[in-house]
Amino acid sequence: MSEHGCWLYAVTGKAVPAPPRGVAGETPRCVEAAGLVAVVGDVPLDSFGQDALYRNLEDLDWLSRVARAHDAVIATLPTVVPIRLATVYRDDARVREVLEQRAADFHRALRRVTGRTEWGVKVFAVPEPVPAAASARPESGTAYLARRRAALSRRERLEQRAAEQARDVHIGLAALAVASCDHPLQNRALAGEHTRMVRNLAYLVADDRAPAFADAVTACDQRSDAIRVQLTGPWPPYSFAALEEP
Amino acid sequence: MVSEQPVTTTAQSGLGASGNHQPANLGDILERVLDKGLVIAGDIQVNLLDIELLTIKLRLVIASLETAREVGINWWESDPWLTGDTEQLRGDNRRLRERIAELERRAIEDGERE
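Chains as they are written, first to last, in this note's numbering: chain A, 969 to 1214; chain B, 4 to 117.
If you're looking for bench data, these hints aren't it; they were derived computationally from the structure. Careful: at least some of the hints might be erroneous.
Here are some, though not all, of the chain B residues that point toward chain A, as calculated from beta-carbon distances under 8 Å [said to hold, decoys possible]:
hint, residue
1, L33
2, R35
3, V36
4, L37
5, K39
6, V42
7, I43
8, Q48
9, D95
Over 10 Å on every C-beta distance to chain B, these chain A residues come out as not near it, computed from the model [stated by the list, open to error]:
hint, residue
10, G981
11, A983
12, P1050
13, P1106
14, S1108
15, L1113
16, R1115
17, V1146
18, A1194
All residues carry an ideal CB built from backbone N, CA and C; glycine is no exception.
Work the whole structure out from these sequences, hints included.
Okay, here's the thing in structure tokens:
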């Protein structure tokens, strides 16, 4: 086993100028085969070998550094099929082999994302207004129960309205996109937000429609009182990189 | 409450499509590079989704608790009810350890007598 492995960032159609520093501080380079270009980096196996990866991926600082570096390299490539983090080959010959074996799939995936960009749209519920402070006077059991029931049904109505508005947002935005994707909801810590996430969407949008798409997101956000709509991106087409047709 | 502030803002409009990728928050990046992107078998096999993602989520929760403590929201550290519990657990632990030591000592003494 060599001392270095080939970390795969992305597959693209033509050679690209040197991207920024990679996950190991290396300068990524290109490996070509079958009319495709794999952007790879030489990574030391004592940090990026199997055992080391298992260990390091548990280290949030290491992981966040590597994840950002992986994303930063991919983000500089104009038309690209992004590869999931931690795909490592023994050497260039193995990378060429993979390019050749799956050439048709890669070319199809590249055609699908050419001239298109991924945008993320996160929908959060607007937090429930804090109820007026309960009166200091003792209330009857019946009054207490009535107040509780009113609060519960108010919350239910809010949640329902948030879900309906999120659905309308999705219908409107999907009409501007080539493809869309409903991701699992992020937990609050992962989202860096403190209100409940209602939808976690991704859209593949033609580049010439990107401004219209961004404007539509703004409009949705302003129009909907029960939800907050947040745009992220532009992203490389992570959510639309699968080789299968949707 | 402040934790990690996403750099992306609500509905930025008029962004060009590519070439001006903005730094996004860590959660968004992890979600994409770990969970999305093309999955092809590498020579080094790492199963990311089963174990790690769970741990990551857990750690992000911890990280956000730590952020909360930094900005001064640390009620759980001064809450006498919670800290009282910890004290009691520590006391129980100490008493149990002493009891085990005592039993071991007796067992050894019994062994020596036989």
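(request) Mind verifying the non-interface call on V1146 of chain A? Its CB should be farther than 10 Å from each CB in chain B. (result) Answer for V1146 of chain A: holds, closest chain B Cβ roughly 13 Å.
(message) Checking a non-interface call: every C-beta of chain B should be farther than 10 Å from the C-beta of P1106 of chain A. Is that right?
(response) holds (25 Å)
(request) Would you settle whether the hint for D95 of chain B is holds or violated, based on the nearest Cβ-Cβ distance to chain A being less than 8 Å? (result) violated (31 Å)
(request) Grab the minimum beta-carbon distance between R1115 of chain A and chain B and tell me whether it stays above 10 Å. (result) holds (26 Å)
(request) So, L37 of chain B near chain A? Judge it on the closest CB pair being under 8 Å. (result) holds (6 Å)
(request) Measuring Cβ to Cβ, find out whether A983 of chain A lies farther than 10 Å from everything in chain B. (result) holds (18 Å)
(request) Against chain B, does P1050 of chain A hold up as non-interface, every C-beta pair farther apart than 10 Å? (result) violated (4 Å)
(request) Classify the hint on L33 of chain B as holds or violated, based on whether any CB of chain A lies nearer than 8 Å to its CB. (result) This interface hint holds because 6 Å falls under the 8 Å limit.
(message) Verify this label for me: L1113 of chain A is non-interface relative to chain B, using a Cβ-Cβ cutoff of 10 Å.
(response) Given a closest Cβ separation of 28 Å, the condition holds.
(request) Run the C-beta distances from A1194 of chain A to all of chain B and say if the shortest one exceeds 10 Å. (result) holds (15 Å)
(message) Checking a non-interface call: every C-beta of chain B should be farther than 10 Å from the C-beta of G981 of chain A. Is that right?
(response) holds (14 Å)
(request) Verify the interface restraint on V36 of chain B: the C-beta must sit less than 8 Å from at least one C-beta of chain A. (result) The hint holds - V36 of chain B has a Cβ within 8 Å of chain A, the shortest such distance being about 4 Å.
Checked against the numbered hints listed earlier, the structure breaks hints 9, 12; every other hint is satisfied.
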